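Start counting the sequence shown at 1; every next residue gets the next number (this note's numbering).
The set of hints was computed from the structure by calculation and includes no laboratory data.
None of these values were measured; they are calculated from a predicted model.
Careful, some of the hints might be misleading.
Unchecked claim - Computed list of lysine-lysine pairs in PhoX-like fashion (alpha-carbon distance at most 20 Å, straight line):
1. K248 to K330
2. K441 to K397
3. K383 to K350
4. K383 to K370
5. K372 to K350
6. K77 to K6
What the hints assert, rightly or not - Computed beta-carbon distance windows for the label pairs:
7. E105 to D426: 37 to 45 Å
8. R110 to F302: 18 to 26 Å
9. I9 to E188: 53 to 61 Å
10. K133 to A10: 15 to 23 Å
Backbone N, C-alpha and C fix where the C-beta goes; we use that ideal spot for every residue, glycine too.
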Amino acid sequence: MAFDLKEIIAARLGENYQLHERHVNPTLVQAQRVIGFDKVYARAEGAYLYDMDNQPYLDFLSGYSVFNIGRNHPVVKQAIRDVLDLDLPNMVQMDCSLLSGLLAEALTKRTPPHLNAVFFCNSGTEAMEGALKFARAATARKRAVSLASAFHGLSLGSLSLMGCESFTEGFGPLMEGFDARVPLDDVEALDRQLRSRDVAALVIETVQGKGCQTSETDFFIRAQELCRKYGTLLISDEVQTGLGRTGKMFGFQHWNLEPDIITLAKTLSGGYVPCGAIVARRDIYQRTFSRMDRCVVHSTTFGRNNLAMACGLAALEVIDDEKLIENSAKMGALLMEKVDTLRTKHSFIKEVRGKGLMIGIEFHEPQEFKLKMAWKLLHKIDKVLFAQMIVTQMLSKHRILTQVAGHAMDVMKILPPLTIGEKEVDMFANALDDVLTECRKFPGPMWELGNNFVKAALGSKRTAEARPAVSA
Numbered sequence: 001m002a003f004d005l006k007e008i009i010a011a012r013l014g015e016n017y018q019l020h021e022r023h024v025n026p027t028l029v030q031a032q033r034v035i036g037f038d039k040v041y042a043r044a045e046g047a048y049l050y051d052m053d054n055q056p057y058l059d060f061l062s063g064y065s066v067f068n069i070g071r072n073h074p075v076v077k078q079a080i081r082d083v084l085d086l087d088l089p090n091m092v093q094m095d096c097s098l099l100s101g102l103l104a105e106a107l108t109k110r111t112p113p114h115l116n117a118v119f120f121c122n123s124g125t126e127a128m129e130g131a132l133k134f135a136r137a138a139t140a141r142k143r144a145v146s147l148a149s150a151f152h153g154l155s156l157g158s159l160s161l162m163g164c165e166s167f168t169e170g171f172g173p174l175m176e177g178f179d180a181r182v183p184l185d186d187v188e189a190l191d192r193q194l195r196s197r198d199v200a201a202l203v204i205e206t207v208q209g210k211g212c213q214t215s216e217t218d219f220f221i222r223a224q225e226l227c228r229k230y231g232t233l234l235i236s237d238e239v240q241t242g243l244g245r246t247g248k249m250f251g252f253q254h255w256n257l258e259p260d261i262i263t264l265a266k267t268l269s270g271g272y273v274p275c276g277a278i279v280a281r282r283d284i285y286q287r288t289f290s291r292m293d294r295c296v297v298h299s300t301t302f303g304r305n306n307l308a309m310a311c312g313l314a315a316l317e318v319i320d321d322e323k324l325i326e327n328s329a330k331m332g333a334l335l336m337e338k339v340d341t342l343r344t345k346h347s348f349i350k351e352v353r354g355k356g357l358m359i360g361i362e363f364h365e366p367q368e369f370k371l372k373m374a375w376k377l378l379h380k381i382d383k384v385l386f387a388q389m390i391v392t393q394m395l396s397k398h399r400i401l402t403q404v405a406g407h408a409m410d411v412m413k414i415l416p417p418l419t420i421g422e423k424e425v426d427m428f429a430n431a432l433d434d435v436l437t438e439c440r441k442f443p444g445p446m447w448e449l450g451n452n453f454v455k456a457a458l459g460s461k462r463t464a465e466a467r468p469a470v471s472a
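Given these sequences and hints, build the entire structure.
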């Protein structure tokens, strides 16, 4: 019987969660069911997902900034068809493929001139692991410093840059020398870490993926000056902030920084094929690949595969041709303005922050007495429950997909495709207004939903505590 993928999908679409419960991650399935995220999406286009009944859902998550150019973009789709039809030799390994050279050329045309050497990999965390190795090789130093509340990936090296126990619990000991985390905007604390001149790299996100925090001061400029003073390399993690997300091609350009290394992934391939990249100064790059016997001392099997490279070339062209960077800046400013106007109506909203279309909406304890009591009850259990309550209602009532910005945070994260227009901005702002209006009714359905979250959270903690350790 011939293999027919379309037939398989048509026959079994709808079994998604049962299959994952049996064979993949039942805990994730349980969590998605509790928060009402157990939807079955049948197709996607642009800024929209469609369920099995062809009902549209506005995607304001974009796969965590994977789909900057929108889902299933026809230009990238055609590039995939073309590269498959050409029957090109792929991953020969002992050659230099054309498409990886072309994508490296295309990237370095878009980066500042000093960032002129490219290494391809498969993901953001893999790019960060490589960047840390490059920094160590170039400086002969072992330590790395990051910022508080950073998120740089979940493999061991990148995980070691993070201080969030919800991610690090159970995985220690982490990398020695990677445990220094400096508060954002604290120049003095950074100086104290770097002055010992044993730090290979300072790693930054100019808008943090966890919480969407950014600096409104000259902190990043001062940080770069300190790096130059003490011989520390500056790594800018552009996995989420890069390729137009913040209203510029790269997040570091908002401060006119000149990082020594940047990391890219997520939207680099337009969302079709895993693709990541390190772009560095040539002299730094060559300290790793310093001799012929070290020409592959850092490598990855699938890093330069033709599908990823073709998608990358197409995605970069789409970003330019459709002026998505300009649209990100324009729609981001409009969205932040509309949400900010809701603050006068809804005392739940503390702050709207971010750059371009990388936006965080932070909530805090409301002013009304009866709502204060409800707020405190939720926060005794878990600080993320209120924000999760909001995003759950945004999906169930208004069919708008968002998510919380991090563990124990009252922050809703907004990452729509850079293709959105005023229609989608208005849809989101009106929906948020409606959901927050419902929150003012206590007791009421919204707070009953929160109570259900509390019960589920307590039950999950009891189950985890009762589970015995696994032995060999």
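For this session: Against the structure, test the hints numbered earlier, and report the numbers of the ones violated in rising order.
Result: Per hint list: single violation, 10.
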